[in-house]
Amino acid sequence: EPEVTQTPSHQVTQMGQEVILRCVPISNHLYFYWYRQILGQKVEFLVSFYNNEISEKSEIFDDQFSVERPDGSNFTLKIRSTKLEDSAMYFCASSEAALNTEAFFGQGTRLTVV
Amino acid sequence: AQTVTQSQPEMSVQEAETVTLSCTYDTSENNYYLFWYKQPPSRQMILVIRQEAYKQQNATENRFSVNFQKAAKSFSLKISDSQLGDTAMYFCALRGNFGNEKLTFGTGTRLTIIP
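Chains A and B, in that order, give the protein sequences. Each step along the first sequence adds one to the number in this note's numbering, with nothing skipped, and position 54 is 54. Each step along the second sequence adds one to the number in this note's numbering, with nothing skipped, and position 2 is 2.
These are computed hints drawn from the structure, not numbers from a lab.
List time: in silico DSS-like cross-link candidates among lysine-lysine, alpha-carbon distance up to 27 angstroms: (1) B:73 <-> A:42; (2) B:73 <-> A:57; (3) B:70 <-> A:42.
Just a few of them, taken from the derived set where beta-carbon distance is under 10 angstroms, the chain B residues facing chain A: (4) 33; (5) 35; (6) 37; (7) 39; (8) 42; (9) 44; (10) 47; (11) 50; (12) 91; (13) 93; (14) 95; (15) 102; (16) 104; (17) 105; (18) 106; (19) 108.
No residue lacks a Cβ here, since even glycine has one placed at the ideal position from N, Cα and C.
With the hints as constraints, model all of the structure from the sequences given.
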């Protein structure tokens with residue numbers, strides 16, 4: 001069964017460093033998302049991406065964040081200068097269409113900023 | 001703005017019993033989609049069941065069913081014959097229409113199945 005894969009599963013980084021979280025969406029999917037879940041809290045939307053551009057982003061997704069689909073298969077989330085409060089589980093998701101289809105989630109990347 | 005509210009932070013039930021998790025939501029859209037996701041200790045998000053708002057019939061998936069009350073903006077999940085593997089966090093989520101395709105999640109209900 002096709003699945004969304006994320007790497008790495010866990011990343012520890014020092015405050016102020018740049019991190020790139022990687023995702024390989026399901027191959028025939030066209031819509032891509034990043035969500036964040038701070039430990040013990042609910043899952044929050046960060047950004048959606050379609051046709052090589054951001055279609056929607058939340059207030060959390062400020063200038064420190066960027067997304068890219070560099071090679072037609074990977075979908076990356078970059079945090080330029082990490083802060084302690086960026087520590088969270090980051091989920092990538094993809095869907096075949098915008099509506100009437102479910103979003104499939106990856107297993108998540110646990111980011112710890114120290 | 002869309003909101004999703006889950007008023008039960010924790011629930012527990014004996015194995016083989018039936019349990020119902022509550023969810024209410026608010027949206028200004030007429031057409032939208034509702035989901036229940038399960039998050040086991042591994043923290044992966046797994047889709048349990050989905051409901052299209054324009055469908056009056058309640059969705060069912062094996063032991064999982066929903067009670068969708070559109071006028072009341074209520075979307076509860078019923079788990080029948082609960083199993084130990086059902087122990088997880090359960091999140092209710094709402095997805096809007098075109099231009100608003102993101103998922104808005106509730107705060108979750110931690111469900112424990114007791115052997």
